[in-house]
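A.B. asks: Each chain, written out:
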Amino acid sequence: KNQVEQSPQSLIILEGKNCTLQCNYTVSPFSNLRWYKQDTGRGPVSLTIMTFSENTKSNGRYTATLDADTKQSSLHITASQLSDSASYICVVRLVGISNFGNEKLTFGTGTRLTIIP
Amino acid sequence: DSGVTQTPKHLITATGQRVTLRCSPRSGDLSVYWYQQSLDQGLQFLIQYYNGEERAKGNILERFSAQQFPDLHSELNLSSLELGDSALYFCASSVRDRSYNEQFFGPGTRLTVL
Numbered sequence: 001k002n003q004v005e006q007s008p009q010s011l012i013i014l015e016g017k018n019c020t021l022q023c024n025y026t027v028s029p030f031s032n033l034r035w036y037k038q039d040t041g042r043g044p045v046s047l048t049i050m051t052f053s054e055n056t057k058s059n060g061r062y063t064a065t066l067d068a069d070t071k072q073s074s075l076h077i078t079a080s081q082l083s084d085s086a087s088y089i090c091v092v093r094l095v096g097i098s099n100f101g102n103e104k105l106t107f108g109t110g111t112r113l114t115i116i117p
Numbered sequence: 001d002s003g004v005t006q007t008p009k010h011l012i013t014a015t016g017q018r019v020t021l022r023c024s025p026r027s028g029d030l031s032v033y034w035y036q037q038s039l040d041q042g043l044q045f046l047i048q049y050y051n052g053e054e055r056a057k058g059n060i061l062e063r064f065s066a067q068q069f070p071d072l073h074s075e076l077n078l079s080s081l082e083l084g085d086s087a088l089y090f091c092a093s094s095v096r097d098r099s100y101n102e103q104f105f106g107p108g109t110r111l112t113v114l
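Chains as they are written, first to last, in the numbering used here: chain Z, 1 to 117; chain X, 1 to 114.
Some hints could be false.
The list that follows gives simulated cross-link-like pairs (lysine to aspartate or glutamate, DMTMM-like), each with its CA atoms no further than 25 Å apart [unchecked claim]: (1) Z:Lys57 - X:Glu82; (2) X:Lys57 - X:Glu82; (3) Z:Lys57 - X:Asp1; (4) Z:Lys57 - Z:Glu5; (5) X:Lys9 - X:Glu82; (6) X:Lys57 - Z:Glu5; (7) X:Lys9 - Z:Glu5; (8) Z:Lys71 - X:Glu102.
Think of the hints as simulated: they come from the structure by calculation, not from any bench. Here the structure is a predicted model, which is why all the values come from computation and not from measurement.
Model the full structure from these sequences, guided by the hints.
C.D. replies: Take a look at the structure:
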């Protein structure tokens, strides 16, 4: 069972509408959580990064929230545009066991978002 | 453009063969990561290097190996290729290897094994 679950698997919405993507994780101890946007056939691009002490972070029309108690995060997209069509990936990073931070990452399988005109 | 370059863009080869994928990190970045993304699958972390040394291993098969050279570029070697190795392979880099460091991804190499 994947320790980072994203929902829905896919979503289709009309241009201009808002949407919210979910990420539930069970991995611990938790260091930080990131949301990436990945256009088809391209590398992921970071949207937001949050530590366990942060509740919300915005990047333009993207707002991520984090509840470390319930181990849930969401990504809210406001006034969607055609260019928002992409996969959105939630990535949870474990605390490293060394001072330098062992890069232990757990990736969600992503939500495929399609914006239609 | 993330500043991370990967070559080649596309690679088509046969089962049993060996290939080498190359990655050049962003200028100033010391850490390099390799990921595999199969069709409709999530990103799988393979391995990380920091300043020439292996730092972390993920789900990397024994048939795969990697290294980071003194000029900080990295190569991922895939041998005894199987059909299931067909995937997108991404390289990412970050300034350090700290858990908070943002990773910047390259455009990927699409490997097709026939």
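A.B. asks: Please go over all the hints and tell whether each is borne out by the structure.
C.D. replies: Results for each hint:
For a cut-off of 25 Å, the pair hint linking Lys57 of chain Z to Glu82 of chain X is broken: about 42 Å separates their Cα positions. Distance hint between Lys57 of chain X and Glu82 of chain X is fulfilled; the C-alpha atoms sit about 21 Å from each other, no more than 25 Å. For a cut-off of 25 Å, the pair hint linking Lys57 of chain Z to Asp1 of chain X stands: about 24 Å separates their Cα positions. Restraint check for Lys57 of chain Z and Glu5 of chain Z: the C-alpha separation of about 20 Å stays at or below 25 Å, so the hint holds.
Restraint check for Lys9 of chain X and Glu82 of chain X: the C-alpha separation of about 19 Å stays at or below 25 Å, so the hint holds. Between the alpha carbons of Lys57 of chain X and Glu5 of chain Z the distance comes to roughly 22 Å, so the proposed pair stays at or under 25 Å and holds. Using a Cα cut-off of 25 Å, the hinted pair Lys9 of chain X and Glu5 of chain Z is violated, with the two alpha carbons roughly 30 Å apart. Among the hinted pairs, Lys71 of chain Z with Glu102 of chain X is consistent with the structure: their alpha-carbon atoms are about 21 Å apart, no more than 25 Å.
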